[in-house]
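A.B. asks: Build the full structure now, drawing on both the sequences and the hints.
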Amino acid sequence: MKNKYSIFSLIKNAFSYHENWQKAWKDPQPKKQYDAVIVGGGGHGLATAYYLAKKHNLKNIAVVEKGWIGGGNTGRNTTIIRSNYLWDASAGLYDHALKIWEGLSQELNYNVMFSQRGVMNLAHNLQDVRDLKRRTHANRLNGIDAVYLNTEEVKKFCPIINTSQDIRYPVLGGTLQRRAGTARHDAVAWGYARGADEMGVDIIQNCEVQGIKRNGDTVEGLETTKGFIKTKKVGVVAAGHSSVIANMAGLRLPLESKPLQALVSEPVKPIIDTVVMSNAVHAYVSQSDKGELVIGAGTDDYVSYSQKGSHQIVEGTLNAILELYPIFSRMRMLRQWGGIVDICPDASPILSKTTVKGLYFNCGWGTGGFKATPGSGDLFAHTIANDEPHKLNAAFNLNRFVSGDLVDEHGAAAVAH
Amino acid sequence: MFLINCPYCGERDQHEFKAGGEAHIERPKQPTELSDDEWAEYLFMRKNIKGVQFERWNHAHGCRKWFNMVRDTSNDQIKLIYKMGEKPPSE
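Which chain is which? The protein sequence lines are R and D, in order. Using the working numbering, read the first sequence as starting at 1 and increasing by one per residue. Using the working numbering, read the second sequence as starting at 1 and increasing by one per residue.
It is worth saying that the hints were derived from the structure and are not from the lab. Please note that the accuracy of each hint is not assured.
[Unchecked claim] Simulated pairs of lysine-lysine, BS3-like, Cα-Cα distance not exceeding 30 Å:
no., chain 1, residue 1, chain 2, residue 2
1, R, 233, D, 50
2, D, 50, R, 353
3, R, 232, D, 50
4, R, 357, D, 47
5, D, 47, R, 66
6, D, 87, D, 29
7, R, 66, R, 353
8, R, 308, R, 59
9, D, 47, R, 230
10, D, 65, D, 79
11, R, 12, R, 66
12, R, 226, D, 47
13, D, 50, R, 357
14, D, 18, D, 79
15, R, 308, D, 29
16, R, 308, D, 47
17, D, 47, R, 233
18, R, 230, R, 23
19, R, 226, R, 32
20, R, 308, D, 83
21, R, 353, R, 230
22, R, 2, R, 54
23, R, 26, R, 4
24, R, 230, D, 50
25, R, 308, D, 50
26, R, 269, R, 66
27, D, 50, R, 213
28, R, 353, D, 65
C.D. replies: As structure tokens, this is what we get:
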């Protein structure tokens, strides 16, 4: 039984100089056989294992991770959480996640620092204005809070934005989702890992999958760097490396893996208390609790697994940031990094069964998977446990690329992918 | 990367170029006879290789010509560049 984190446990451990905290999760070696194995120990993978154990009564579960948990895109994203997507299927998926976020710290007994500071999306031209108004109406029909703001209201909500109409891309308005916000990305992985571990899930780090063993059309197990693991159910949540894993099972996916960059500035006093995103000029910014500006840049247009992006992508984003926020002109950037995102042709994820029995894929989240972490884990666990999708992720199947029933969120999703 | 050797213009900065995705995907010769599965394969499914991959690139802010590139996607190293219509090298 894990110790409960509380003010009392904090005080108690202070007396021993915080040297005797219980380990949040164990570091086991893989068993020979599991009921289900999740490939990928990021937020989505750990959440999947957590909900499999919690809601579907599967106890013999492992998560295999080639590096350390939360070391991939979970630790590399800009932590934005929102659900203001245009299409009904997406709205259902992302708002399901947002509702879980609202109670997640309590549920996990782990502070994920979920902060509903609002997300504002800016419009810079007439088409943006029309698209954003349309999306606001669509959101409200789906029960998602959204309001349209004019230029003055944008300025009032975030006073440091340059709303002069004389700049290259003037701010004509924006949308605001007040329930949206940010969370501490590492804490999400750690909280789910701790919760899953407590229910008996084996979290196996430094264990890379090297092959998927099939018997005809059925999964038999995984070849890993820590030996063969027998299992009838494999849930792959490998983000940028999904195509690599699919290839091991002889499958092809409609994905391209591309570098997406982000950067943070030196820490400063509180200056921006919300998240502001701009699709047209591609700049989004928020401020972390440490005081750093967290800035999201765009994706490169070529396939790469190198976790590095091109210099001009960062330059373009910073140009846009400086035009919108002249106050940042003398700030220095502290760190810059890249992550590999798996992008679907319709910029919507895949949470699906495959033609191989017992093999499930959760991928294609592209540039915006972090916000969906709890919902994705919940729905993917449902799909694995029942061998059938939940009604909220039924539209996000692999077969949509054959039937043509795409969930086209390119552009509609409020930010360019 | 950083420098790309355009077969028509010579070495130029990477930001003059646009990536055009996987190379040597042949347009179906008889589109009317294609099944939905074959259309999906042609339109959406990609190799997305980690390692050596064949790609199309366009010198968008230069001569605007298309060409092929062999590139290692695990470290972004360019292995070979050859013109459109030329046969891909066998490894």
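A.B. asks: The structure should be examined with respect to each hint, and the outcome stated for every one.
C.D. replies: Results of checking the hints against the structure:
Taking the CA atoms of residue 233 of chain R and residue 50 of chain D, the gap is near 25 Å; set against the 30 Å cutoff, the hint holds. In summary, the hint linking residue 50 of chain D to residue 353 of chain R is supported, as the alpha carbons are separated by about 24 Å, within the 30 Å threshold. A hinted pair counts as satisfied when its Cα atoms are at most 30 Å apart, and residue 232 of chain R with residue 50 of chain D qualifies at roughly 27 Å. At roughly 22 Å between alpha-carbon atoms, residue 357 of chain R and residue 47 of chain D fall within 30 Å of each other, so this suggested pair holds.
The suggested pairing of residue 47 of chain D with residue 66 of chain R holds, with an alpha-carbon distance near 22 Å, which does not exceed 30 Å. Between the alpha carbons of residue 87 of chain D and residue 29 of chain D the distance comes to roughly 19 Å, so the proposed pair stays at or under 30 Å and holds. At roughly 23 Å between alpha-carbon atoms, residue 66 of chain R and residue 353 of chain R fall within 30 Å of each other, so this suggested pair holds. Pair hint residue 308 of chain R plus residue 59 of chain R does not hold up; C-alpha atoms about 38 Å apart against a cutoff of 30 Å.
Simply put, residue 47 of chain D and residue 230 of chain R have alpha-carbon atoms about 28 Å apart, close enough for the 30 Å limit, and the pair holds. As the CA atoms of residue 65 of chain D and residue 79 of chain D are separated by approximately 19 Å, the hinted pair is consistent with the 30 Å bound. Between the alpha carbons of residue 12 of chain R and residue 66 of chain R the distance comes to roughly 36 Å, so the proposed pair goes past 30 Å and is violated. A threshold of 30 Å between alpha carbons decides the hint, and for residue 226 of chain R with residue 47 of chain D the separation of about 27 Å falls inside it, so the pair holds.
As the CA atoms of residue 50 of chain D and residue 357 of chain R are separated by approximately 25 Å, the hinted pair is consistent with the 30 Å bound. Distance restraint check for residue 18 of chain D and residue 79 of chain D: the Cα-Cα separation of roughly 18 Å lies within the 30 Å cut-off, and the hinted pair is therefore satisfied. The straight-line distance between the Cα atoms of residue 308 of chain R and residue 29 of chain D is roughly 38 Å, outside the 30 Å bound, and the hint therefore fails. Restraint check for residue 308 of chain R and residue 47 of chain D: the C-alpha separation of about 21 Å stays at or below 30 Å, so the hint holds.
Distance check on the hinted pair: residue 47 of chain D and residue 233 of chain R sit about 24 Å apart at the alpha-carbon level, within 30 Å; holds. As the CA atoms of residue 230 of chain R and residue 23 of chain R are separated by approximately 28 Å, the hinted pair is consistent with the 30 Å bound. At most 30 Å may separate the alpha-carbon atoms for a hinted pair to count; residue 226 of chain R and residue 32 of chain R meet this at roughly 10 Å. At most 30 Å may separate the alpha-carbon atoms for a hinted pair to count; residue 308 of chain R and residue 83 of chain D meet this at roughly 27 Å.
The straight-line distance between the Cα atoms of residue 353 of chain R and residue 230 of chain R is roughly 19 Å, inside the 30 Å bound, and the hint therefore holds. About 15 Å separates the Cα atoms of residue 2 of chain R and residue 54 of chain R, which keeps this hinted pair within 30 Å; it holds. Distance restraint check for residue 26 of chain R and residue 4 of chain R: the Cα-Cα separation of roughly 16 Å lies within the 30 Å cut-off, and the hinted pair is therefore satisfied. Between residue 230 of chain R and residue 50 of chain D the CA atoms are separated by roughly 26 Å; this keeps the pair inside 30 Å, and the hint holds.
Using a Cα cut-off of 30 Å, the hinted pair residue 308 of chain R and residue 50 of chain D holds, with the two alpha carbons roughly 14 Å apart. Proposed proximity of residue 269 of chain R and residue 66 of chain R is contradicted: the alpha carbons are some 38 Å apart, above 30 Å. The suggested pairing of residue 50 of chain D with residue 213 of chain R holds, with an alpha-carbon distance near 20 Å, which does not exceed 30 Å. Proposed proximity of residue 353 of chain R and residue 65 of chain D is contradicted: the alpha carbons are some 41 Å apart, above 30 Å.
Of the numbered hints listed earlier, those contradicted by the structure are 8, 11, 15, 26, 28.
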